[in-house]
Amino acid sequence: MDTSSWAEATLIARAQAQDDAAFDQIVRLYVDSIYNYVRRMVGNPQDAEDITQEVFIRAYQGLSQFDGRASFSTWLFRIATNLCIDHKRRQSRRVQTVPYHHDDEADEDEGDWEFADTAQPSALEQLLTKELQAVVEQAIDALSPKLKTVLLLYDVEGLSYEQIADTLGIPIGTVKSRLFAAREQIRKRVENYLRGGTE
Amino acid sequence: MNCGRFKKLLWSYVEGILSVAERQVCEAHLTHCARCRQRLQAAQLTRASLQALPRYAAPERLLKRVRAEIPAQRGQPTVATMQGNGIRQPTERLTPVILRHWRWALAPALGALIALLWWWSHSPVEGGKGYAASQAQEYADTCVDLHQQLEMVEWAGTPTASYLVTTDHTQ
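Protein sequences, first through last, are from chains A and B. The first sequence begins at 222 in the working numbering and counts up one residue at a time. The second sequence begins at 6 in the working numbering and counts up one residue at a time.
Hints should not be assumed to be uniformly reliable.
[Stated by the list, open to error] Chain B is faced by these chain A residues, among others (derived, beta-carbon under 8 Å):
| no. | residue |
| --- | --- |
| 1 | Ile247 |
| 2 | Leu250 |
| 3 | Val252 |
| 4 | Tyr256 |
| 5 | Ile278 |
| 6 | Leu353 |
| 7 | Gln354 |
| 8 | Glu412 |
Think of the hints as simulated: they come from the structure by calculation, not from any bench. Here a beta-carbon is modelled for each residue, glycine too, at the ideal position from N, C-alpha and C.
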């Protein structure tokens with residue numbers, strides 16, 4: 222066990238012994254990651270605040286049940302994911318959303334464009350415009366919750382396949398296939414945008 | 006390698022987790038396939054964009070809200086914690102479970118009330134002490150009548166007459 226893990230385990234043990242100061246330190250340690258993840262999942266800042274608060278309340282209530290088999294962050298992401306998916310379900314019951322239909326065939330059409338040599342970092346950086354960033358963010362928003370969860374946990378929060386599998390209770394193979402599908406959906410939108418499409 | 010095979014390996018290529026041999030095969034394919042070069046470039050931009058997404062920092066008031074809520078949670082039941090799916094509003098958390106779910110308790114309570122009323126209306130105790138007392142009195146009167154009839158039979162001196170004396174209480 223490395224130093225940070227040992228320190229975290231100590232904090233958790235203190236919090237389990239009802240040391241609120243220790244739990245406060247845990248909150249400060251993870252609140253930004255959880256908030257960022259929840260904010261990307263639900264979009265709305267107010268909802269993100271409410272859900273993040275709920276994540277830590279539930280973690281506090283369930284501290285005695287935390288046995289350390291999963292990492293604490295994995296456990297928090299699991300609670301957060303459940304709450305976000307539940308929030309989405311409630312939203313979809315209230316609001317009839319228009320599903321996103323992706324035209325794979327059109328996206329796969331041959332185009333006559335080609336980028337500059339992206340092996341050079343400067344060329345890549347130049348292309349990372351705010352507009353492209355907006356396209357990517359819109360593409361993330363359009364993902365289904367299942368795909369979005371895996372994409373955010375892997376590509377944004379930096380969890381491993383194993384951690385995501387543990388967080389979501391799904392096989393590693395499913396994590397990989399969902400990640401692939403999510404990335405492909407975004408990549409196709411990016412391609413469309415680069416061809417001069419509306420995306 | 007064909008384009009289909011390259012598409013399957015595309016993201017592993019972008020992440021740099023292919024074996025040397027696989028990477029060389031991909032690069033050989035890329036030298037003569039403009040379409041897959043487009044795919045690769047779009048994938049690289051996508052990944053770079055994902056990694057460059059701005060991170061949202063938790064507002065300070067969120068920390069304050071959590072800190073304010075924690076003391077109120079001490080001693081609260083923990084069973085619901087890992088059931089995991091429901092979102093309760095922060096103001097609801099302090100409400101006792103029985104009050105939050107009173108609607109569910111209403112139906113069995115109503116059923117019990119109806120059953121009690123039915124039992125009450127069909128019970129022999131209906132009418133209270135008057136009913137029980139009148140039953141007792143009726144029984145006592147019957148006993149007295151029977152006794153008087155037996156006395157009359159004995160007084161009449163007809164041995165067979167006693168067989169004629171029957172009531173609801175004598176078989």
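The hints, checked one at a time:
A hinted interface residue such as Ile247(A) counts as satisfied when its beta carbon comes closer than 8 Å to some beta carbon of chain B; here the least separation is about 10 Å, so the hint is violated. A distance limit of 8 Å between C-beta atoms decides the matter here; for Leu250(A) the minimum to chain B is near 11 Å, and the interface restraint is violated. Hint status for Val252(A) relative to chain B: holds, with the closest Cβ pair at about 4 Å, below 8 Å. The beta carbon of Tyr256(A) is positioned within 8 Å of a beta carbon in chain B (closest approach about 4 Å), and the interface hint is therefore held.
With 8 Å as the threshold, the beta carbon of Ile278(A) comes within range of chain B, its nearest partner Cβ sitting at about 6 Å, so the hint holds. Against a cut-off of 8 Å between C-beta atoms, the interface hint on Leu353(A) holds, since the closest Cβ of chain B lies about 6 Å away. Using the Cβ-Cβ criterion of 8 Å, the hint placing Gln354(A) at the interface with chain B is satisfied: the shortest such distance is roughly 6 Å. Restraint check, Glu412(A) versus chain B: the minimum CB separation of about 4 Å is within 8 Å; hint holds.
The structure does not agree with the numbered hints 1, 2 stated previously, though it agrees with the rest.
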